[in-house]
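Residue numbers (my numbering), protein chains in the order written: chain A, 1 to 201; chain B, 1 to 439.
Derived by calculation from the structure, the hints in this document are not laboratory data. Hints may be right or wrong, so weigh each one.
What the hints assert, rightly or not - Derived contacts from chain A toward chain B, CB cut-off under 7 Å, selection only: (1) T139; (2) E141; (3) Y142; (4) A145; (5) S172.
The beta-carbon is built from N, C-alpha and C at its ideal position, and this holds for glycine as well.
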Amino acid sequence: MKRYGTLLAVTMAFVLALSLTSGCSAPKKATKEDVTMAGTKPAGPSEEELARQKADQEARDRALREQAIRDQEARERAERDRAAAEAARLGELSRIYFDFDRAELSTEAREILGKVAQLMKASPGKNLTIEGNCDDRGTNEYNLALGQQRADAAARYLQTLGVERKRIKTISYGEERPICPEATEACWRKNRNATFVYSGK
Amino acid sequence: MRKNRIVLFFVSALLLAAAPAAGAKVYINIDSPSAQKFPIAVTTFRNMNDAAGQESLSPWFADTLGKTLEITGFFNILDRKAFLVDQARLGIATEHIQFPAWAGIGAESLVTGGFAVSGRDLTLECRLFDVVQGKLLVGKRYTGRIEERKEMVVRFAQEILIALTGEKGLFDTKIAFSGKRGGSSEIYTVNYDGTEPVKLTNYNSITLSPKWSPDGRQMSFLSYKDGSPDIHVMDLNRKTARRVLSTGRLNLPASWSADSKRMLVTSSKDGSEDIYILSLADGRMTRLTNDPAIDVSPTWSPDGRQIAFVSDRGGTPQIYLMDAGGGNVRRLTFEGGYNTTPAWHPRSNRIAYEGRAGGTFQVMVIETEGGMPVQVSANGGRNENPAWSPDGRYIAFVSRLGGKSRLCVMNSNGTNVRVIHEGLDAYVSPTWSPHLNLY
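Go ahead and model the full structure; you've got the sequences and the hints to work with.
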């Protein structure tokens, strides 16, 4: 019998919790009124007084809820801003470019790699995949090898700047994943790159 | 080398040709770059038992045989409108042939045929004549189901090729290639005349560089289907693939050994891209090159004693040769700043490759002794990725022109270009099968 009582209490608590978390206040109000009417109606305050108290309580609840929502929104906004800043920073640090049929790092590429190294050392939980890419002139097979050399050149440079090799993975996609589809020098230039893909925090 | 080839030719002619005497005379020297197309007349076929409702088969056999021969690029199929006699009505055997009437329109060979249909059973008779000498070269009778008529025609075309060129045609070969569509690439095969395209893989990934094993039963390729560039081998009967090399870095399949047990591969497992021999039974790898530069696309010579490959150790990608063990490395190409994809001619010391010429890429051929390369493909667009047919008479390649990519085949002297497959976004790395003995 006692076990059933416990079970009943748990079930009721569960139902109550559900009705609270569902954000629907109507059932809660009804319960309160029932208790009030049953227990204190003959000797208590007037009905007007009760209604006023109830309205005050509801206003306070509403204000609290709105404050909580505002706080939550502010937190989310801050997180979004932080993520956007991070993304913008990583966006700047997402790609370096190469000359045709070359895997040597330009001055500009080395500058970006320096910042990548700083970022990696500041965030020890982060890992990096370097994807080597080529423009579509020449042979697919040779370009797969060239893409590997480009990714390796970037990885070696990061390593000399103190980033542990085990946090860096390299993969070549050769000419198979162009980011720009046209047969123009402008597009070919964009397609000859090493792309940095970050994972972890 | 040349002597060996002639001996080999006689042996195969004796074994394969129905009329050994025909093997002695080569009517069409298809290795000659100046060879003229051989004029041949193919008559409509005689309805031998006057089977009702089968009249359309008369021109069907003539047209199908004509098309099958024409695609070889060796024949000029004479227009039936120019014919002076109705040979099908007069009779198809030697005693009925009006040789002067055929010589009169310039035919050097004549094909006649007859068919008898009974229910779904078909009997087909085909004859090939030497018009100049007025004699029968080959006569064959085929029996089977009417649905098998195309196969019978191809079988007789094979006989014609053996009788006139001394060697069977490529009717039982296929071309494999990687086709790109919407960001992914898959392996396809297609008959050498462009019929029956089949999509072999469906990985929705990057899948490239198919290579046929010499026994015709397996195909190796590169695929990113498991995340990294690994080498896989597909059993072509069961259509199942297994991964044979995965290192977390770049691995590329190249040519197979003659016994189909070993494979040349490029791998960057030890740092830079180097060439290894991969033993398929135990996965053991033997390193052949050791250079910080790129070494890629190795291919064995037909006798297995040498390897041609691409290296940029001199600053630009060029074709190099080395002995089979990795020693005696020497540079072969010096013309042009970008020469890749060597393909060793199956019967001679010639290498086809893709070379940069005049701001674009063309199919070039160079003797392995060195010297000046010869541009084989015609100017206009980019012509890339050459692959020899097993007889060395044709080259499959990829043509890129006006933003369109097409898989093409040409005769080894660059003539008779025909499109084998088009419609995909791009075509990459064609490779020709060995004879698959389908006919």
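Per the CB criterion, is T139(A) less than 7 Å away from chain B?
At 4 Å from the nearest chain B Cβ, T139(A) passes the 7 Å test, so the hint holds.
Can you verify the interface hint for E141(A): is its Cβ closer than 7 Å to any Cβ in chain B?
holds, 5 Å
Agreement of hint S172(A) with chain B interface, Cβ distance less than 7 Å
holds, 5 Å
Hint check: is the beta carbon of Y142(A) less than 7 Å from a beta carbon of chain B?
holds, 5 Å
Does the CB of A145(A) sit less than 7 Å away from some CB of chain B?
Holds - the Cβ of A145(A) comes within 7 Å of chain B, reaching about 4 Å at its closest.
Violated hints are absent here; each numbered hint is respected by the structure.
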